Structure formats: C-alpha cells, structure tokens
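Chemist: Build the full structure now, drawing on both the sequences and the hints.
In order, the protein sequence lines correspond to chains A and B.
If you read the first sequence in this note's numbering, its first letter stands for residue 2, the second for the next number, and so on.
If you read the second sequence in this note's numbering, its first letter stands for residue 502, the second for the next number, and so on.
Treat the hints loosely; a few may be bogus.
To be verified - Think about it this way: if two alpha-carbon atoms lie no more than 20 Å apart in a straight line, the pair counts; the simulated SDA-like pairs of lysine to any residue are: (1) B:Lys604 x A:Glu305; (2) B:Lys604 x A:Pro34; (3) B:Lys662 x A:Leu272; (4) A:Lys304 x B:Ile695.
Note that these hints are calculated values from the structure, not bench results.
Predicted model, so just to flag it, every value in this text is computed and none were measured.
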Amino acid sequence: MSHANAVAGAAPNAARRAKSIGAQVNTLPMLAPAVGLLLVFSLVPLAATVYFSLLRYNLLNPAIHGFAGFRNYYYLFKDPALYHSLFISVVMVGEVLIVTIGIAAVLASLFQKQFFGRSIARVLVISPFFVMPTVSALIWKNLFMHPVNGLIAWITRSLGLGVIDFFADWPVTAVVFIVSWQWMPFAFLILLTALQSLDEETREAADLDGAGPISIFFNIEVPHMGRAIAVVTMMETIFLLGVFAEIYVTTSGGPGDSTTNLTFLIYERALLAFNVGGASAAGVIAIILANILATFMVRIVGKELDV
Amino acid sequence: MNQRAQYHPVAGTFAWIAAVLMFFPIFWMFLASFKTEIGAIATPPEIVFAPTLENYSTILERADYPSFALNSVIISVGATALALVLAVPAAYAMAFYPSKRTKSTLLWMLSTKMLPAVGVLVPIYLFAQSLDLLDTRTALVILNMLMNLPIVVWMLFTFFKEMPKAIIEATRIDGASQWQTVVLVLLPLVLPGIASTALLNIILCWNEAFWSLNLTAHNAAPLTAFIASFSAPQGLFWAKLSAASTLAIAPIVVFGWFSQRQLVSGLTFGAVK
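Modeler: Written as structure tokens, this is what we have:
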C-alpha cells in the first residue's frame, strides 16, 4: 500500500513501528466511509447552492425559470436589505464577542483561584450553555424581559426607573443579551483551561514584586490567554454568524428588519418567499464569509496538531 | 504550592455572585414551572407559593408531548451512534497508521464543520423535499450526524493518539490478530473516550435548532421545535412553558456538567489544551 511506502520514505522509525504493528494494514476501508460521506455532503450542497444562485427559480411561480447568469447577485448587491443584514450580523457578533470574552476573562481569573465550593460554582456558571436555544430565548423574552409581567420590568418599576420594552425599543440589545448568556460559559471554560496552564511561579513572582490582582490580570493573565482568546473569537464568530433560533422565536427578524441578520434574511428569502435563486446567492455570500474565518482557524489548529 | 491551596475569600465571593446570576434564569424557570398560570405572571413575583404539579401533568398528558421527546431521543442517539460507527474506524486509522495525508484530512474535516448551515439551506431543503424526507426523523438523524462528524472524529483521534502504542505492539507480538488487538486490548482502553465523545455529541444534537425548525413540521419535530411553538402570541402560558422547558433541558444540563472537559477539547479541536 502506498501509505506504508510513504511512511517508510519519510521516517524509518515510524516505518519500523508501523511494520511491527502490521504494515499491511490498509487504512482506506476505515477512512473511506467517513471521508466519503463528508466529502459528498459538503461538496454536493455547496455546488447546488452555487448552481441555484445562477437560476431564475421561484417555487411559488414555476412559470419563471431559466438561467439568470449573475442577475441574482446583481439584484442582491443592489438590495439595501443585504447590507443591513450584514450590518446586523456584524453588530450582533461583535457585541456578543466583547461581552462574552470580557466577562469570561474576568471569571476565569477568579475561578482559577481556590475558594469555597468552586466546582459547584463552576457548574452553575456553565449551565446556560447546555440550555437549548429556543428555551433560553423564550424564558428570557417572557419571564424576564416582558414589559408588563417580566421580572426585570418589576425590578425597574420598583426602583422608579420605568419600564423598558426590550424587544420593541432595544431588539438587537435584547437578542445580544440572550445569546451572550448562552455563549459566555463556552468562552469561560476555554479561557479557564488556558489559564490553568499558567505556571504558578510567574504569578507568585509578580505577587512578591507587589503587583495587585488587577495588574496581574492585565499584565500576566490576559497575555497568557491570548491564543485562547483568538480561538474563542473565531469559534464564536463562526457559530454566532448562524444565530437563528433565538431570533426566530423572539423577534422574527423585527420589528421591521431591525434584527434580521444574514442567516435570517436567507431563511426569509428561501422558506418564506421561496425565492430559491436569490436565497442561494445570499447563501454563497454567507459561505464565502465563513470560509475566510475558517482559514484562520484552520491555520491556528494546524500549528498545534502533530500527527 | 502553598499558594495554590490558599483560599481567596474575595475572589470567591465575586465568583459566587457571578455563578448565582448566571444560573438564576434556569432556577427562576424551574420555580415558575410549579406555579399556577396566574402566579407565574404575577407582579410582584411570587417567591413563596403553594407548588402545583398541574403544569407537568398538562404537558405530559398532551397527546403529542411524548412524541416530541421521543423524536429528540431518537435523533440525538441515532445521529450519535451513526457518527461513532463512521468515526471510530477513521479515527483509529489516522491515530495508529498516520500517513502524509492525515493532517490535511483532519484539517479539511474541521473546515467542513465551519460551513454555515444557512449556506446550504436551499439545496438541503429541496433535496429533502424531492426525496420525501421533509418532516422525517431520517433527515434530522443524517444532518445531525454529518454536522458533528468532524467533532467526533477529532475527539476520538485525540483519545486514540494518547493510547500507549507499546501495548498494542506487545499484543501483536504475542500473536494476537489485528481484530483481537482492537477488541480485547484497545476497546476497553478507549471506551471512556468514546463514552465522553458520545455524551458531548448527544448534547449538541439535542440542542440543535436550525435544521429542526426548518425541516420539521410536526411528525419529526424534536423538543427544540416544540418549545418554539410557545412563541405564538396567543395567551401567556408561562407556567406551562417553564414546565415544558424544564423537562426538555433537565437531562441535557446534567449531562453537560459531566462533559465540561471534553467540551473544551471537542469544540476547539485541540487548539486549547
């Protein structure tokens, strides 16, 4: 098998090991099902999206059909809704990133210290991550952010501050708040993992030199978490560009189009307006954006991976 | 070393405040699930009240609730089992018989995970429609399996990689066949790794909402879609929403507590250790 030969050429040690385990092992049958399925299911829909984006194709009106060339893209790029949805996506992702990573960094710093009931407290902090998105969105929308019966309205009213109707007046902020609650634990767990590898002597030395906890946080801990912060930023961005369920059950993209991000726009074009061509063109844009981010992520992971 | 054992009451206080604030919405929902509908929307909010199980019995008696729950179980367990069947051999091959292409294969798998679901919404929807798979569990099992296959392969690869190769070699020298080596020696060693991979995957599938909301109507709708039906504006059924939500998240949140570690390695693809 060419596998074994390739290894033999590259590193004699590895080859000897491979031989003693069983050099004749043909890995293809073990790899092919997983790789093949992934390949088919990533390439075929991708190609189909690109193909549909070049068609005049509306499920509601079969009379309209045929090749459209780049006309779907032309209309899409002329459509202010695209730029608005991209803007909303960027604002949501940006705000959630700042909130989640900011809070998570501080919490990670607190949680790597020893204190009473630490493991229970950690379980409480990460729990929101395991709550399904439709539940967290509806619980926040109703039990907390409802302008009449919600808990927050009751608190602000009791304090004489009046009532905020979150989903009417601050819809983006409200969605960002809910999504941040779900994703902060993710950032927290990763940053905590990174911080636990900080060697204790560095911190002790800083402590002896009279550095306060704030100084230690900014000058030692934050730089140490640098790479982990980059990883969280990329993973969260990729997941957050796809935020859908939270918008679907709370605002449906509204009021107006104020919470319509790119994902929700494509959903509206595809499954509400049945505009297959237009939705596919927007889908291609979403794929390109995600790919740019994925390239950076793959590079970071690739550096860490030794096979 | 003594620095590490030292307790930090100030940091601990702030950490506990944060923990209570983060968990409070879940606790409040849990509490509301035992209130009457009137009590759940009362202001000032009820803190001391006579708990009722009425909401739970209403939800459980709804003819369709068990079917939503069953769909969730079948989809997440089915997708996980399928993913394991495909991923175990692939991860085994890459961990024990790495070739020049192994690294690029792994990185390519990672990059497929980053494909945005919405980018392929139109073709997947149309394929499902033409194959008569809309609103079927089959479609969701397949999609969930494919979506998480890269994570499963990666996690298993990481576990297999840590296995001592010397043991495998010794077994082979002792005359065991490839198959015996895998089943008798390797499998017991990697079982904990497979179990935690499965656990994380079940959590991810259980909470998957994008495809569930877009490809199901009623027959195959899992709990994520069932809960979404409470967003309809008619009436405020907060107590029932809370009871249904509590039932939907309870098992998974508990699973989640056990998979904290795997979450980090699984969702960062080993980039943070």
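Chemist: Hint by hint, say whether it matches the structure.
Modeler: Quick rundown of the hints versus the structure:
no., hint, in the structure
1, B:Lys604 x A:Glu305, "11 Å, holds"
2, B:Lys604 x A:Pro34, "18 Å, holds"
3, B:Lys662 x A:Leu272, "44 Å, violated"
4, A:Lys304 x B:Ile695, "25 Å, violated"
In summary, the structure is inconsistent with hints 3, 4 from the numbered list given earlier, while agreeing with the others.
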